[in-house]
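Protein chains in written order, with this note's numbering: chain R, 1 to 138; chain Z, 1 to 367.
Hints were generated in silico from the structure; no laboratory data involved.
On a predicted model such as this, the values are computed, not experimentally measured, just so you know.
Built from N, CA and C at the ideal position, the CB exists for glycine as well.
Just so you know, not all the hints are guaranteed correct.
[What the hints assert, rightly or not] For the chain R half of the interface with chain Z, some residues (derived, Cβ under 8 angstroms), not all of them: (1) Ala2; (2) Leu28; (3) Gly30; (4) Ala47; (5) Asn50; (6) Val105.
[To be verified] Here are the computed distance ranges between Cβ atoms for each label pair: (7) Gly263/Z / Arg135/R: 51 to 61 angstroms; (8) Arg135/R / Leu118/Z: 46 to 56 angstroms; (9) Arg97/R / Thr83/Z: 56 to 66 angstroms; (10) Pro64/R / Leu241/Z: 33 to 43 angstroms; (11) Arg29/R / Lys6/Z: 15 to 25 angstroms; (12) Pro27/R / Glu300/Z: 24 to 34 angstroms.
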Amino acid sequence: MAAFAAASGDELRKLAKASGLALDATPLRGPETGLVTVRGRIGGGGAPFNTGEATVTRATVQLPSGQVGHAYSLGRDREKVRLAATLDAVWCTPETRAAVEQKIVAPLVRMQAERDAKRHAETAATKVDFFTMVRGED
Amino acid sequence: MYVAVKGGEAAIRNAHKLLADRRRGDRSVPALRLDQIVEQLGLGVDRVMSEGSLYDRELAALAIVQARGDLIEAIFLVRAYRTTLPRFGYTRPMDTATMQAERRVSATYKDLPGGQMLGPTFDYTHRLLDPELASGGDVAEPELRHAEPEAMPRVSDILGGEGLIEEDGPLPSGHVTGDITREPMEFPLDRDSRLQALSRGDEGFLLALAYSTQRGYARSHPFVGEIRIGEVELELDVPELDFPVTLGRIRVTECQMVNQFHGSAKIPPQFTRGYGLVFGQSERKAMAMSLCDRALRARELGEDITAAAQDEEFVISHSDNVQATGFVEHLKLPHYVDFQAELDLVRRMRAEHDASRAADGHKEAAE
């Protein structure tokens with residue numbers, strides 16, 4: 001579910017289409033957009049406080065087999081979240097779990113890792129290397 | 001006498017049509033797309049998200065276009081939109097220690113674990129206008145340095161190890177986290193509610209107050225312990241699942257301000273802290289927030305309340321720019337009846353004043 005939430009709508013649609021998985025599902029709830037209140041902690045690790053809100057879209061669907069799937073994601077891309085809920089249901093079905101893992105989850109995790117590594121390398125290039133000059137005799 | 005007046009519908013309709021025209025501007029210039037604003041005016045988008053108190057980059061960009069770049073108007077639009085959506089719940093508190101940092105600097109320790117990462121900063125630029133940007137040339141890709149990610153402990157934890165700084169900011173056990181969007185504010189506030197108000201407060205107002213503390217009005221000897229900007233993951237507990245759902249990541253800016261404190265009868269001398277946490281890349285705002293947070297802790301720390309920045313009711317009641325602009329700007333709406341009453345009153349007072357002067361004049365002449 002975390003990999004689906006982190007993916008862009010386009011990535012998810014592309015992978016789902018290429019996977020050849022049967023993705024027919026009936027909606028049980030949503031997709032609907034609402035708010036979550038985002039919490040931080042005082043001082044970083046102290047008592048919680050409400051920092052602000054964020055848009056979240058959620059959906060629950062059911063496969064013809066009866067298997068139910070849920071999805072939540074930041075933002076307002078309802079089509080993406082509906083698809084994510086369907087994929088969750090397919091993943092929850094033991095016979096198709098491996099296919100979802102291999103064809104959708106693994107590529108998403110890989111793409112996210114690549115994006116993170118690039119961003120990390122860009123940030124690391126701005127790391128300050130101090131040159132210390134020793135003065136005096138001690 | 002009260003005369004009901006109707007009218008202005010056509011004028012209002014036409015004014016809004018004219019507004020739409022002026023917003024679009026010269027039709028021979030291509031219209032802005034939202035992705036252009038999200039990508040190229042990102043810090044303006046972040047400000048609208050932070051003060052609109054709604055994390056959604058595309059919505060903030062839409063608000064900026066609709067408001068013709070008037071950020072307070074855009075913040076107003078975002079706040080109004082918020083009220084139309086149902087609430088799904090409260091996230092688990094973000095863990096900023098695990099942030100994918102894009103910038104992290106400390107003014108207190110040179111060689112801190114994880115290092116000083118400047119990131120995409122305006123610092124050390126010469127503030128010279130760049131005419132090349134006007135011609136829209138290609139921009140080089142950033143440099144890359146492939147290094148193993150290092151842990152980035154908080155500076156406050158480094159000082160905490162020596163016991164020289166106060167804790168992160170506990171509240172009594174059993175305390176229910178305050179929510180100023182749900183319950184009306186009652187002063188004095190707890191620190192959690194105050195931080196919620198500051199996080200959505202007006203950047204300019206908080207900046208001015210923060211500046212006033214540096215200039216001697218509630219001086220608190222601040223050092224930037226640490227600023228970090230980056231993405232953190234959000235998790236939500238939902239009834240239908242027995243594990244927290246990962247919603248995705250948001251970008252936030254965190255500022256840990258470290259301040260001197262001489263101690264009191266109960267507490268030994270130690271560093272105290274102010275905390276800032278805001279949506280997006282909003283470093284100035286996070287710093288100002290942390291300075292205001294520290295100043296507003298005067299009562300808690302037994303300090304004399306002598307300056308505006310320490311006056312909680314003053315600061316928090318005036319920090320919200322949507323409320324402020326609403327009350328200031330309502331003055332331009334028709335007050336014809338109120339004014340008519342005032343005018344009548346001044347006329348009567350003037351008549352009485354003139355009459356009494358005339359009477360005094362007669363008296364003097366008679367004498």
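A quick look at each hint next to the structure:
1. For the restraint placing Ala2/R at the interface with chain Z, the shortest Cβ-Cβ distance is roughly 4 angstroms, inside the 8 angstroms limit, so the hint holds.
2. Because the smallest distance between the Cβ of Leu28/R and any Cβ of chain Z comes to about 10 angstroms, over 8 angstroms, the interface hint for this residue is violated.
3. Restraint check, Gly30/R versus chain Z: the minimum CB separation of about 11 angstroms is more than 8 angstroms; hint violated.
4. Below 8 angstroms, beta-carbon pairs count as interface contacts, and Ala47/R has one with chain Z at about 4 angstroms; its hint therefore holds.
5. The closest approach between the C-beta of Asn50/R and any C-beta of chain Z is roughly 5 angstroms, which is under the 8 angstroms cut-off, so the hint is satisfied.
6. Below 8 angstroms, beta-carbon pairs count as interface contacts, and Val105/R has none with chain Z, the closest being about 13 angstroms; its hint is therefore violated.
7. At roughly 35 angstroms, the beta carbons of Gly263/Z and Arg135/R sit outside the given window of 51 to 61 angstroms.
8. The hinted range of 46 to 56 angstroms is not satisfied by Arg135/R and Leu118/Z, whose Cβ atoms lie roughly 26 angstroms apart.
9. As the Cβ distance of Arg97/R to Thr83/Z is approximately 41 angstroms, the hint placing it in 56 to 66 angstroms is violated.
10. Separated by about 22 angstroms at the C-beta atoms, Pro64/R and Leu241/Z break the suggested range of 33 to 43 angstroms.
11. Between Arg29/R and Lys6/Z the CB atoms are about 46 angstroms apart, so this pair departs from the stated range of 15 to 25 angstroms.
12. Between Pro27/R and Glu300/Z, the C-beta spacing of about 50 angstroms breaks the proposed range 24 to 34 angstroms.
Figure legend: structure checked against the earlier numbered hints; hints not met, in rising order: 2, 3, 6, 7, 8, 9, 10, 11, 12.
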